[in-house]
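Kindly produce the complete structure, drawing on both the sequences and the hints.
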Amino acid sequence: MGTIRMDRRLFLKSAGATAGAVAATQVGCLRYFKKGRSSAAETKEIPTTCELCPNKCSAIAVVEGGFVKKLNPNPENPKSRDMLCARGNAAIKQVYDPDRIKQPMIRVGARGEGKWKPVSWDEAFDFAAKKLSEVKDKYGPQGTLWSSTEGFQEVFFKNLGLAFGSPNIVRHPTLCLASVNLAYSATFGTVPSFDLLNSKFVIMSGANRFESIITPDTMDLIGGVMERKAKLVYLDPRFTVTAAKADEWYPIKPGSDLAFILAMIHVIIKEGRHSKDFVATYTTGFDQLAEHVKQYTPEWAEKETEIPAADIVRIAREFADAGARALYYAGRRSSWYQNDFQMRRAQAILNAIVGNWDQMGGMVPNAKLPKGEFLFMPWDEPKAARVDEIETAFPLAAKGDGVYLKLRENVLSGKPYPVKGWMVYKQDPMNSLPDQAKTMKMIEQMDFIGVIDLQMSDMAWYADVVFPESAYLERTDPVEVMPGIWPAVVYRQQVVKPIHDTKPNLEIVQGLAKRLGLSDYFDYTIDQWVEAEFKDLPIPMAAEHMKKHGVWAASGQPSYGKTLNPEHRFVTKSGKIELFSERLQEAGHDPLPVYTAQPQPRNDQFRLILGRVGYFTHANQSNNVWLHEFMKENDLWINPKPAERLGIKDGSYITVTSSVGSVKLKARVTEEIRPDCVFMLHGFGKKSKMQSLVYNVGASDAVILETAWDKVSGNAAFHETFVKVANA
Amino acid sequence: MRNTLKLLAVLAALTVPLAAQGGSDTKGKFFFKKTCKSCHTPGSAAKEITPLSKTQAQWKAYFAAGKHKKGAEKIDSVVKPEQVKDIQTFLVNHASDSPQPETCGG
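Going down the list, the sequences are from chains A and B.
Mapping the first sequence onto the numbering used here, position 240 (from 1) lands on 240, and the numbers just tick up by one.
Mapping the second sequence onto the numbering used here, position 98 (from 1) lands on 1098, and the numbers just tick up by one.
Simulated from the structure, these hints should not be mistaken for laboratory data.
The reader is advised that the hints may include incorrect statements.
[Unchecked claim] Below, in silico cross-link-like pairs of lysine-lysine (DSS-like), each with a Cα-Cα straight-line distance of 30 Å or less:
1) A:K158 to B:K1054
2) A:K562 to B:K1080
3) A:K270 to B:K1037
4) A:K576 to B:K1080
5) B:K1080 to A:K117
6) B:K1037 to A:K158
7) A:K117 to A:K371
8) B:K1033 to A:K547
9) A:K158 to B:K1033
10) B:K1034 to A:K547
11) A:K576 to A:K117
12) A:K383 to B:K1054
13) A:K117 to A:K687
14) B:K1080 to B:K1034
15) B:K1034 to A:K383
16) A:K371 to B:K1037
17) B:K1037 to A:K368
18) A:K371 to B:K1060
Here it is in structure tokens:
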């Protein structure tokens, strides 16, 4: 029996849906700049949800005379802890940014030349639909690629690609934390939260939580460390703000974190310090683990990590003694090495054997809150297999996300089939993928590129047509459940009318769908979608509550121990926490984490390492005028010893060269990094002249990063690049 | 011969793996939520059911038996016969022992 063909008639019969008219909001272009604000106007406070990073903190917009005057934190959201960071405040300047894309535009010069023709929405939709149809006619729907990053309206873009018939939806996780997600899913069947507010002993490997903000983790860690409730041990080749605040900082040899963790497990098991009852009741594979880690002694680990064996033993004992309130923190960052999955899984196993699962101060499975769902008309499944061959190359990876770098390799090779059309939503592959020259080649071989974005990113700069999306303060989005120890439901509602000729992503998708003959799949309004989601919130007058408060957080109190029942079934193959994984073994991977020493740079080379700061989100906000004040140009951190050897002075211009590219930027000579590493910040050296503050200022790390990925998850491995540094 | 092998390889690559089960995950989710969840929700007369209620083997066995309401009626008397395979595909793909790693957003 095959699947049934869904048509509009059947859908309406099944769903009881009614067609809704799309009400596109059009307002006069540049009204803000022409008229300015009226000080005598009425002031309103409208709750909404921030979009300047993925944390989704609750905010209250102060609106005066139709313009956003200020953004305040919303104390009702336990996740954001009554905080709105610098980025959140700078969302005002995202709306009133003179560099914004102000109307649809079609390229008239060569790609990247920067010659654009402003067009009407109809012209832009007609143009893109014609080009997409031409690719479809020639190469099939699988000849199109749909790439996006996370956001409340991403679902509409993804669904358009699928309804079009393309299996090639590629999302951000394999440029983000796919290895963490897969490692914890493979061990616990889920990715838990870390109760930093109540933990007593925390170890972080390169998770620079004081600068790379995650809510509520950053605030909870500050509370924990400042009040001395928690001890923080931090491993990082770089002396970050988190290193400065930690009780102990170890500038670990890059690539050896797995050795440190395995040696900790060795000590804990050898000395019988693991939680025996918990291991016996909830886990499987302990005996195999115990045998496996016998080889990983602290003395062996000292040679790999450059952390003294005595310290490893002491830290292991302190960690085990803290037991349920000890945490090896997973963090949220991209992969470093090709064995990243196994390093993350070793962390998960270490957490498991001290019994911190579902305990106050430990790892807590995420609580969720109910909400309704808008049932849209489903389409036929795409007929082709994915171009990244995820099913065979990464059988355990999340199929709906794709594997970005393998996908790029296959698209460049034209195998297993050609891909010639590329639609992009709110993503900048020119800066988020390593080896920019390869991304440029991929761009060159496309017959068509369309980009939906607020700003003229480097990717948009090379597009054939750009569709300007309304800023989050100018639109209403789907309702989102934020699972966690303190779960909340958040609502992003329109605060002001769009100031330019922009549209919310849903309306852009609908405009394309109409011309591609796919309207039936998108036959609803955002209001209908949101109303359906409000419907199942278990609170009286849910719609009114969410519009008034912007957030609902149930009791606001954490609930520990719900899964601490011997009958509880974890979402794993065995139903237990899997220390030894049969599923990994069946897929051809190590069922227990095996350490392999990483290659190290030669004397004339450095390892390029990456990291983040609190005022930019990836490559995204360096052009925001308020945030730009914090940092106007990136530089390269280099230790004084090699700097002296190379004759490099602080503040002088240098060239940094890898096997795939070379960049020029200023040197920062500092003791705050190991002599064998260099560091540079993401988000500078833009090619788009409509990123005027950072166009050709500093350098883009994407130019020199080499292509490598984690073997199990396919996650991009960003610390595998060796560079040479010389005076410019 | 070499070209034929190449063609066969391309055709194999173009075959969607889910087709092995013959159903559509997307449509299965829709029919499950529209039909099954109209009764099997918290607080309803019928017991709450989610894909996590059974393992993959249990869901396959359930649909092989083809019975509903503890065997009192055939499953295709409550779900349209042409929808059963889609619902089975959705439930098996997301069962309590299914290899579905969590992801971010989306």
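Checked hints:
no.	hint	verdict
1	A:K158 to B:K1054	29 Å, holds
2	A:K562 to B:K1080	37 Å, violated
3	A:K270 to B:K1037	50 Å, violated
4	A:K576 to B:K1080	36 Å, violated
5	B:K1080 to A:K117	52 Å, violated
6	B:K1037 to A:K158	25 Å, holds
7	A:K117 to A:K371	43 Å, violated
8	B:K1033 to A:K547	27 Å, holds
9	A:K158 to B:K1033	20 Å, holds
10	B:K1034 to A:K547	27 Å, holds
11	A:K576 to A:K117	59 Å, violated
12	A:K383 to B:K1054	28 Å, holds
13	A:K117 to A:K687	19 Å, holds
14	B:K1080 to B:K1034	12 Å, holds
15	B:K1034 to A:K383	25 Å, holds
16	A:K371 to B:K1037	14 Å, holds
17	B:K1037 to A:K368	18 Å, holds
18	A:K371 to B:K1060	29 Å, holds
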